[in-house]
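> Residue numbers (the working numbering), protein chains in the order written: chain A, 1 to 981; chain B, 1 to 169; chain C, 1 to 275.
Calculated from the structure, these hints are not laboratory results.
Even glycine gets a Cβ: it sits at the ideal position worked out from N, Cα and C.
One or more of the hints may lead you astray.
[As the list claims (entries may be wrong)] Taking CB as the label site, the calculated pair distances span:
1) C:Arg-88 - A:Ala-390: 52 to 60 angstroms
2) A:Leu-68 - C:Ala-265: 25 to 33 angstroms
3) C:Ala-265 - A:Arg-410: 55 to 63 angstroms
4) A:Glu-18 - C:Cys-273: 38 to 46 angstroms
5) B:Arg-125 - C:Asn-150: 30 to 38 angstroms
6) B:Arg-125 - A:Ala-138: 53 to 61 angstroms
7) A:Val-920 - C:Cys-273: 49 to 57 angstroms
8) A:Ala-24 - B:Gln-24: 23 to 31 angstroms
9) A:Arg-677 - C:Ala-177: 46 to 54 angstroms
10) A:Ala-306 - C:Asp-233: 29 to 37 angstroms
11) C:Lys-62 - B:Glu-164: 58 to 66 angstroms
12) A:Gly-449 - C:Thr-229: 21 to 29 angstroms
[As the list claims (entries may be wrong)] List of simulated lysine-lysine pairs, BS3-like, C-alpha gap at most 30 angstroms:
13) A:Lys-235 - A:Lys-92
14) A:Lys-235 - A:Lys-485
15) C:Lys-26 - A:Lys-882
16) C:Lys-62 - A:Lys-67
17) A:Lys-846 - C:Lys-174
18) A:Lys-67 - C:Lys-26
19) B:Lys-126 - C:Lys-62
20) C:Lys-174 - A:Lys-955
21) C:Lys-95 - B:Lys-126
22) C:Lys-95 - B:Lys-160
23) C:Lys-144 - C:Lys-174
24) A:Lys-572 - B:Lys-160
25) C:Lys-174 - B:Lys-126
26) C:Lys-49 - A:Lys-882
27) A:Lys-39 - A:Lys-235
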Amino acid sequence: MPKVMSVNPTQWCGQSVERVEDAALLTGRGRFIDDLGVKPGTLFAAILRSPHAHARIAAIRADDARKLPGVAAVLTGPDVTRLSASLVVGVKAPIECWPIAVDRVRYVGEPVAVVVAASRYVAEDAIDLIEVDYEPLAAVVDPEQTLDPAQPVLHDGLKSNLASERAFRYGDPEHAFASAARRVSVTIRYPRNSCTPMETYGLVAEYDAAEDAYDVLANFMGPFSLHAVMARALKVPGNRFRLRTPPDSGGSFGVKQGVFPYIVLMGVAARATGRPVKWIEDRLEHLAASVSATNRVTTLEAAVDADGRVRALAWDQLEDVGAHIRAPEPATLYRMHGNLTGAYDIRNVSVRNRVVLTNKTPTGLNRGFGGPQVYYALERLMQRIAVELALDPVDVIRRNLIPSGAFPYRTATGALLDSGDYMKAFEAALADGQFAELRERQQKARAEGRLYGIGVVAAVEPSVSNMGYITTALTPEERRKAGPKNGAQATATISLDPLGSVSVHVSSVPQGQGHRTVLSQIVADELGLKPADIRVVTDFDSARDAWSIASGNYSSRFAAAVGGAAKLATDKIKAKLARMAAAQLNVGPDDIEFAAGKVRARGNPDNAVPFSRLAATSHWSPGLVPEENQALRETAFWSPPELTPPTEGDEVNSSLCHGFIFDFCGIDIDRVTGAIRIDKYVTMHDCGRILHPGMVAGQVTGGFAHAVGAAMYEEYAYGEDGSFLTGTFADYLVPTTMEVPEPVILHVETPSPFTPLGTKGVGEGNCMSTPVCLANAVADALNIDSIDLPLTPAKIAAHIHDAERAPPKAQATAPLAGKGRALRGSGEARVNVPPETVWRMLLDPKTLEAIIPGAHGVEKVADTHFRAEVTLGVGPVTGRYKADIKLSDLDAPRAVTLTGVVNGALGDARGAGRIKLTPVEGGTQVTYDYDAEIGGKVASIGGRLLDGAAKVVIKQFFAALVRHTGGAKPGLFARLFGRGA
Amino acid sequence: MPRLSADARHTIRFTLNGRAVEAQAEPRMLLTDFLRHELGATGTHVGCEHGVCGACTIEIDGATARACLTLAVQIDGANIRTVEGLAPEPGRLSVLQEAFRRHHALQCGFCTAGILMSLDNYFRRKPDPSEDDLRDFLGGHLCRCTGYVPILAAAMDAAKRLREAPTDA
Amino acid sequence: MKPARFDYIRAGDIAEAHTALAECGKDARVIAGGQTLMPMLSMRLVRPKVLIDIMHLPALRKIEASGNDIRIGAAVRQAELMAWPDLRDSLPLLKAALPWVGHAQTRSRGTVCGSVAHADPSAEIPLSLLALDGAVELSTRRGKRRVAANEFFTGMMSTTRADNELIEAVLIPKSQACTGYAFQEFGRRHGDFAIVACAAVATDKSIRLAVGGVADKPTLRDWPALDGTALTDALDAFAWELDARDDLHATARYRRELVRQMGLATIEEARKCRA
Ligand code: FES
Ligand code: FES
């Protein structure tokens, strides 16, 4: 290929040009999935979801729902298993993974039934009419507890909840630890959170019975390796599963990978009804059941020299993927495998990786993907090394950074760090970010008695994932059997139309990152055109576009991989055009340049042909052009050779590019509230060559905001019983302008030698570095050795507030409250009848009917077993429930245990109370204590209501008991119950 | 006193971006669904349907409102403005929209319509806000892409330009 | 997340609202600004058969002086009260509390009385009403009654309003001479439910502290003009009496501590602005 130089008066790359995407988005003319019309006859789906974390499905009664006018179908597990196959599971284990519960639910929010109806409103009406009998099973939510043999096993095919375990060894960690001057370790519990894009999942699925083919439009983001997973699940070859994406998508951050099980589910619904089916996830569904990042328990130990130089690391990672190990998991755990030594030159590493299942939502892609979990451990450890060795944390980092000039640098675990000068970037950040001044600020603040802390963090930000890294979860033998997997095939197509204008097609599936703008810059630079001359199409169509399993918008691959492929495609077409032009202009192809909309002879700008005329030639006069020079459409495929499969020694170059980040911050903690104020945050990035500074800044500030959320506000919280507690945006707290300060952003640019444009990813780094930077600052401010996320005021204040004085005597029996939605309490009452009378009443349906709040009829099943219909509520929130009450441990007439299960559309509760009757003068002293767990819809979305509700109901029960026995002495009742419980 | 029956669709007449329009809705239909799916005004987005994210913010009778917390039947006779009515003419952007583009104050653009509607209303009431005012005011919106920094910058810039050339909407 | 079916009545005058309430009783919900009711409808936590819209009644849209009270009609939006020119002089506590109510974008629709009707234990307006000895004006076809705030709120989202009663207005006593008012709140984010909210009223002879976000309704205590350990002891006892619970956002212990410390700070602020 002749070398063609383009000498452009303007270089578009490197400029913050206005985005081509914006005019439509700013005027309300975006084309998001729910903005596009649907075919006549399209049906709308709603999903009934499990209120239980773990239960057997005994029966589903959906006849009333099916009879509701407007309802086309109700699908349950058996319908789905009949028409599809299980989703592929990421580890070698005899377990299945369906997009809907089959016989058993394993997390709150798991689909149990799908209603397809004339509108979403009617579909939700029908959902209300479905009755499900659940037999609750014990649930386990803690990744350490789930390994206890006493805990329930989630999947019948497994012997325990351990789905995968591997151990790795690099260098000579045993020797390093044996000979180390010091050993320092941390144990961290990284919580669950999610980047919750503002647009939820959405899709329209169609099935063509004549061709046995599916056509799905969904705001899926890739990776398209999942195309294969979906096609297999739908039991069609890949060419009969057409997957398209809408032109606009309202953010993803990894999360929209998780729409894929719903694509299968709604594909089945479309097939079952013979009509297109549209489903738009609502926010409650999204929070409860889309995907979340993994939670992880990590113990990390370092072998350290006396000066803070780290000689070895020992990782023990316990990864919690939730109820199913759904593709592409356990990728979160292995994405960082090549980078377990961070930005440091550490040659000896041991790793133990375990993946466990718990009764929580299955996990998946989420911005940072494995990075936040790894860096939280690694950088907390570096801070602890500094504290324990009485060193400055900045010096500990300096001493361990990979030295300048060592690039490309092969890490102990196999990553090939492409380029960088970490030391230079680090020193530049300290100087330009005015670290010394921050230290002074801290000293001053401390002198004033304020709690002021500084955090520092260094990190390597990987981008462009090696599609083979996930196979590190397999043993070398298993890998040999399965065949090697590797690479990161990127594609781009450039085409010329009969008017000579340029179109570019890519399968990068942007979710707001301005891919169309950047690609127009890249191509315009190459062809001597303006970005406005280039039209970029990013809505994806698997039946039209060039794509591979690596396509999609993840692992920050766009600028490096897709941008690079676009350049290569342009180079190809440009070479052909240059040859064509050379023939017309009578110069050699090497003397052709593309500039100012012309293709011209270098040094003689008048000897030129307009670009569009030349570009149209192969349409109008192919006869003038020799076949090999026809320039109509070119596609480039690019996969970097550096991305090789894992070696026999389990070394893996898990990513192609590696940016460098160095962050530091100063924070101030309020002594009364424990609230953190971020005083200053500096973030230094080396992300290679920068194509669009405005967008790079946007990636940094956007990632930073996610990180502030993860650090201080956001958590997908679960009760001990597996109930989900953060089901609305009132409880899952996404930071706003009020919570996110403006970081100081610094850059150095070291181009990557491995990518066509020298670019690297930049979008995920702050999600990795910022949470731990803030945590390090908090640990510094409070002088504490361990702290987990999120850094809530109550958690922080527990380290500040003085020990509490004992309560004044009157409050000694104040009810205790358990964790999550578990409630405990106790109380007492005095009644005017002897214990025997009270005893009889407790065993009598008539009396029970009178004293159970809201009871509509009590049915006696056995002497000690009753069923009742009850209406319960708090204020306006009332619902009808079925109650099942059993009496046990009878000790007539002294004590009895009352066990109740209450079930209804708004939730369910299980509780037990021990009631004791003691004869006293003139009557009976009734004392009780109770223990209740509340789950289901109300627990997820209105947790605040529940404590009140439980209190009110129990209070009403005993008040009614007192009333029914003829009352208590005046005044006494008020005194006993006035305090609640 | 008319009682609109739950099962029937009722005609709702109102003004949308200066034009009289009418369409039908059941009493329970949310204004977001009504605008988007009955009238095709899909610029107003739905991010949470419980009033927290602000994506659906529009203007009803001169005051900002969460369209997801409003029923279609409630706006009979009202004057509604949505993002589709912000630009002075097709192919041109308002000062505020221009500022958002210049400052890269949007990425996916899903939250943007609500934020624009909020700010458009705010600047008419308070043309000279401080950055703290704006932070507090924008606290009623969630954006997951931008980290808010460019949104604040665009808002400050737009306020300034609107003060300098107030006639140019 | 779509509401279940209901009929909709747009009341043309107060009598129509009364009639509708008399006929539908507990099957009806009144909708005003809808900022709290609407999410509950969409989540199907609340399923009325009839919704009665009272936002088109000019008679309810007034803020007026009535004797020693300011009477705020049921259709007055929070933003309208915030913009009321006499707010600073007449209701300084509300002036301080209103910016904490939701966000500008919800205050522009949400009503003052709607917040009172909803009786959220962490809401700012019920707390202020209680702290100021305000009252709620309830009416039916047959007549009106006035219920003092300390009798109106009975628990989590529960009040003494009867099913056929319309909240027509709230009555809030005007600020008194030589009395200081202060409001402080702490939440996870600005605009969130308060973890603890404090409203204080201080004269040279008395202190009053009302606390929201802790018990299942806003709760107040009156003390003589205590100082020093007498005051901190009183606050400690109050903190325990509120029967705080652990939840997702804070522990009981944390809430008690904020009642002690923020309560004290609020009282001090009220004393300072007494002049
Ligand atoms: S969709 Fe209305 S506020 Fe979120
Ligand atoms: S630009 Fe995507 S949510 Fe704001």
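> Determine for every hint whether it applies to the structure shown.
Results for each hint:
| no. | hint | in the structure |
| --- | --- | --- |
| 1 | C:Arg-88 - A:Ala-390: 52 to 60 angstroms | 55 angstroms, holds |
| 2 | A:Leu-68 - C:Ala-265: 25 to 33 angstroms | 56 angstroms, violated |
| 3 | C:Ala-265 - A:Arg-410: 55 to 63 angstroms | 58 angstroms, holds |
| 4 | A:Glu-18 - C:Cys-273: 38 to 46 angstroms | 50 angstroms, violated |
| 5 | B:Arg-125 - C:Asn-150: 30 to 38 angstroms | 36 angstroms, holds |
| 6 | B:Arg-125 - A:Ala-138: 53 to 61 angstroms | 57 angstroms, holds |
| 7 | A:Val-920 - C:Cys-273: 49 to 57 angstroms | 53 angstroms, holds |
| 8 | A:Ala-24 - B:Gln-24: 23 to 31 angstroms | 29 angstroms, holds |
| 9 | A:Arg-677 - C:Ala-177: 46 to 54 angstroms | 38 angstroms, violated |
| 10 | A:Ala-306 - C:Asp-233: 29 to 37 angstroms | 52 angstroms, violated |
| 11 | C:Lys-62 - B:Glu-164: 58 to 66 angstroms | 39 angstroms, violated |
| 12 | A:Gly-449 - C:Thr-229: 21 to 29 angstroms | 22 angstroms, holds |
| 13 | A:Lys-235 - A:Lys-92 | 21 angstroms, holds |
| 14 | A:Lys-235 - A:Lys-485 | 23 angstroms, holds |
| 15 | C:Lys-26 - A:Lys-882 | 22 angstroms, holds |
| 16 | C:Lys-62 - A:Lys-67 | 49 angstroms, violated |
| 17 | A:Lys-846 - C:Lys-174 | 53 angstroms, violated |
| 18 | A:Lys-67 - C:Lys-26 | 29 angstroms, holds |
| 19 | B:Lys-126 - C:Lys-62 | 24 angstroms, holds |
| 20 | C:Lys-174 - A:Lys-955 | 38 angstroms, violated |
| 21 | C:Lys-95 - B:Lys-126 | 18 angstroms, holds |
| 22 | C:Lys-95 - B:Lys-160 | 28 angstroms, holds |
| 23 | C:Lys-144 - C:Lys-174 | 22 angstroms, holds |
| 24 | A:Lys-572 - B:Lys-160 | 48 angstroms, violated |
| 25 | C:Lys-174 - B:Lys-126 | 28 angstroms, holds |
| 26 | C:Lys-49 - A:Lys-882 | 22 angstroms, holds |
| 27 | A:Lys-39 - A:Lys-235 | 25 angstroms, holds |
Checked against the numbered hints above, the structure violates hints 2, 4, 9, 10, 11, 16, 17, 20, 24; every other hint is satisfied.
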